[in-house]
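> Each chain, letter by letter, is given below.
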Amino acid sequence: MSTTVTRTRLAAAAALSLALLAGCSSSADSDPASAGSCTPAKGKVTLQYWNTVPGMDKVVALWNKNNPDIRVQMKNISNDQYGTLGNALKAGKAPDLAQVGYDQLPSLRTQNAFVDASACSAATAAKSRFVPWTWSQTSFDGTGVFAFPQDTGPMALYIRSDIFKKYGLPIPKTWDEYAAAAKKLHKANPDVSMTFFDPNNAEWFNGLLWQNSAEMYSYSGDKWHVTVESDRSKQVAEYWQKLISDKLVRTDLAHGSTQMYAAYQKNQVASYVGASWGYSMFRDNLPQQAGKWSIVPMPTWGANGASGDWGGSTVAFMKGSRHLYESVKFNTWLNTDPKALALENKLGGLYPAANAGLRLPALSQGVAYYNNEKIFDVFASSSKKINTKFAWGPTQKTVNLALQDAMAKAAAGDGSLTDALSTAQAAALKSMKDQAIPATAGK
Amino acid sequence: MSNPSISRESRVSRTAVTALMCLLAVYFMLPVYFLIVAATKPQGDLASTNGLVFSHFNLIDNVRVLFTRSDGIFGRWAVNTVIYAVLGAAVGTLISALCGYALAKFPFRGREVLFSVVLGGVLVPTTALALPLFLLFSATGIVNTYLAVFLPSIVSPFGVYLARIFANAAVPQELIESARLDGASEFRTFFSVAFRLMTPALVTIFLFQFVAIWNNFFLPMVMLQKESLFPITLGLYQWNGQTARAPLLQESVITGSLVSIVPVIIVFILLQRFWRTGLTAGSLK
Amino acid sequence: MTDISTRVPRAVSSPPGRRRRNGGRPRAGTIAAFLTPFFLPFLLFYVAPVGYALWQSLRVVRRTGGQWGTSYTTFGGFEQYAQVFQNAEFWASIGRIGLFGMVQVPVMLFIALIMALLLDTPLLRLKAFFRITAFMPYAVPGVIAAIMWSYLYSPQLSPVIDLFESFGWQPDFLGPGAVLWSAANVSTWLWTGYNMLIMYAALQAIPQELYEAAKLDGAGQWTIAWRVKVPIIAPAIVLTTVFSIIGTLQLYAEPAVLRQISSNISSTFTPNMLAYAVASGNNYQQAAAISVVIAVITFVLSFGFMRLTSKKAGL
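Chains as they are written, first to last, in my numbering: chain R, 1 to 443; chain Z, 1001 to 1285; chain E, 2001 to 2315.
Keep in mind that the hints were calculated from the coordinates and are not lab data.
All C-beta atoms in this analysis are idealised placements derived from N, C-alpha and C, irrespective of residue type, glycine included.
One or more hints might be untrue.
[Stated by the list, open to error] Below, computed lysine-lysine pairings styled on BS3-like, alpha-carbon distance capped at 25 Å:
1. Z:K1226 <-> R:K93
2. Z:K1226 <-> R:K75
3. Z:K1226 <-> R:K58
4. R:K242 <-> R:K187
[Stated by the list, open to error] Per the computed footprint, the stretches of chain Z lying under chain E, defined by three or more beta-carbons under 8 Å from a beta-carbon of chain E, are:
5. 1056-1067
6. 1072-1084
7. 1106-1120
8. 1213-1227
9. 1254-1263
Excised from the complex, chain R in its bound form (with noise of 0.2 Å):
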């Protein structure tokens, strides 16, 4: 008996360890995600917030000068946002809220640290805030409430207007114009590339994904289905391999890198797909091009209108919470309020998830270094044509390494990115099974 219970006991403290390294906790011994009690506690709350934003503090700080009732708390993890979040989980001392982005809810979930927030009526009211596709990945697909939307990065193409112009490029509309602009640019001045592909960003490449809705998992009944590799990934995939192969797009430059910068500094590259937090860095980065920066929005597959996302963030409702009617008060202020909003967008450049977010002053004006355009009509727009049925899945870790890890090799002439997605599916289906997460290759 002592032997059966040792070795439980160790098997329970592997399991949970384990998940440190990811920065997870694991569920070895833990109940699945159960919905918590909505009862209003007697008395002052205090609540606990961990986040990575830029200026939360001064946010923070708002709502405790309103709220003496429900004072909040805020620590920042941006150092090691998942591994702190892991850590406390693993101890029993996690938050009552964390920042969690859009693509580790599922992993988390999947080892049981949230708590579903439904049982509050004011948190499945929320649904209709938010833009709709940001609402879908926090709730599962409406299964629950798990997080509230914070920001989002809906996509959209930055261009350098004057070397359009000076080539006589038009603006590409859809993806084949793009290609054929990309092609006649290189034959006026194979100096100057259209723009260029970062093999090392599955993240961004993911968004790419998303644009042309690949969904890239789903889940139905009690298991997962992966379609990593799918006909319309494939589409996306073939479309950047001819690019690369025709050596029209630049491989040698990683995002947001020095040499990235460079790059644009020296005029040899002429546009960037992007998303909207994006157009500050070339706000501070290249203050020199001020005027020469448009934005435009994403080129479409065809009549497919779709736009994509690449990053952003939820704040999480964690497993342990002893107080989640106060937590759905202030998550619902943190991320609804226009006055918040506002100054997260100011402070952490946080562009935002909910619908009253999009309406904000300071997103409704033009911006002075991309020729006074008001580029955030375009991000707006982009941010309500996103597909609301793509998912993450439980290891995407794992599964953007191998991606990147394939994508790389195929960008030094090693295979395409087609068989990039065929590594990913793989790596997505033995990750899984190696966690006995329950899924099925295709629909």
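Take the given structure of chain R and dock chains Z and E to it, following the hints.
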């Protein structure tokens, strides 16, 4: 060397030999020289000027930036490194010396078996231990603390191996016997007689262990998430990974590298003779 | 094990002293007090993790209640090992490191041997200078060495590339074919001096009389070096080889740093990087199995090498 028996032939080979060694010396010094030059430059000159030629002398400012960046975190890393590597090696040397001395001087049953176990430990790849250790430590809650890196670092089977050889070579049995006759306890004998005789050897063990800890990157990387606990190597690695996004960090990575290796190089050169003692013993002569 | 321990000088076992207290030898308690400070941490931080890794590597994760259910681990026999052996990435990393070792280790040790022999001849002046410059990299940790070299490899900053370009050659140190050798160069730079010093120390310990006979036979410096010195310091060369094999199989820091500037180093470039990547994907059991396999390969190779050389050289 003005011996007339040295022929023209050997003069030719002497020139060839010197030329070859000079070439190798250039190879060994090149990255350090580059680092010295780069550490004196302002960030802007790194890419725009020749890497092997000095430009504007900005070292003082670079060092100031290095030590004030992120609330002086680099100074913290330096202190941590001293704790892990210097203190760790000191404690490690002491326990290795005790153990090696006992294995050399105390006859007891199972001694050779124990020594074989220690030798087996020399061949265990320490990075293979880091991940399982992490799991054991996270179960006991000392992950992400000083102890998580310090405790595993004090164990050095190679140190025990050297200590046993040195104890055999440096401590005559008669001295131990006479100390015992004087009524000294075994510990007193060790600290008053053996320790003194073994001192040069202990310095060697200390240096070896210092290098092992100073070099061990995988263990702190696995164990530590809190920046304030990092040793210099992990801190610089993290900064280096961020230079793509924060190019201004580049100069601090370079200056930080130089600032951290220069004192170690100087100490190594000063303590040369201990290396040679240790290496001679280490080569299983 | 025996190969090393037999060559270890035996402890001087003095005849049991009749005049000693306690029957002439230290009490068991005293001996334990000397041994425990080392063996207790050794047990906790060396032996226990090995046992724990072995135990973990035999476990598999199971789950009840669908994709959001509860996970637990159970005994899985050699399932993790079977998966490691079927893992193409694992074999690719072993192959890569094998190629690395087969080229880098001999090259490094050859340079180290030549330098040690030259330092030991009367032909060379400025010996202290050459010894110190070669040994200096040993004071530099792998991470910092890799950072230094990565600047010399980077097209934007490298004066070396500028130099080559002035001769009309544009090297790409970080390209898919070259990056393995760029990593090998960092290892060579780091460890040549250390290995050289081990060999040099062994050479210094050879009594001069041994050369006299050879000199009388009219042998030159080169003949003496290859015919007399090298065979005598063979054990030191074997030792450096074994340490180099162990080091090669553990490679992590240098490629991890180069990965920061080159997409041609994958997340599974070396076996250790693979183990870390697998562990950070929550699959600790398999990471444990990989660690065990790496340790076994290290053991087999280092012992195998010692066996082989001791038979051949009759050491």
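> For every hint, state whether the structure bears it out.
Quick rundown of the hints versus the structure:
{"no.": "1", "hint": "Z:K1226 <-> R:K93", "in the structure": "17 Å, holds"}
{"no.": "2", "hint": "Z:K1226 <-> R:K75", "in the structure": "14 Å, holds"}
{"no.": "3", "hint": "Z:K1226 <-> R:K58", "in the structure": "24 Å, holds"}
{"no.": "4", "hint": "R:K242 <-> R:K187", "in the structure": "16 Å, holds"}
{"no.": "5", "hint": "1056-1067", "in the structure": "violated (count 0)"}
{"no.": "6", "hint": "1072-1084", "in the structure": "violated (count 0)"}
{"no.": "7", "hint": "1106-1120", "in the structure": "holds (count 11)"}
{"no.": "8", "hint": "1213-1227", "in the structure": "holds (count 5)"}
{"no.": "9", "hint": "1254-1263", "in the structure": "holds (count 4)"}
Of the hints listed earlier, those the structure fails to meet are numbers 5 and 6, in rising order.
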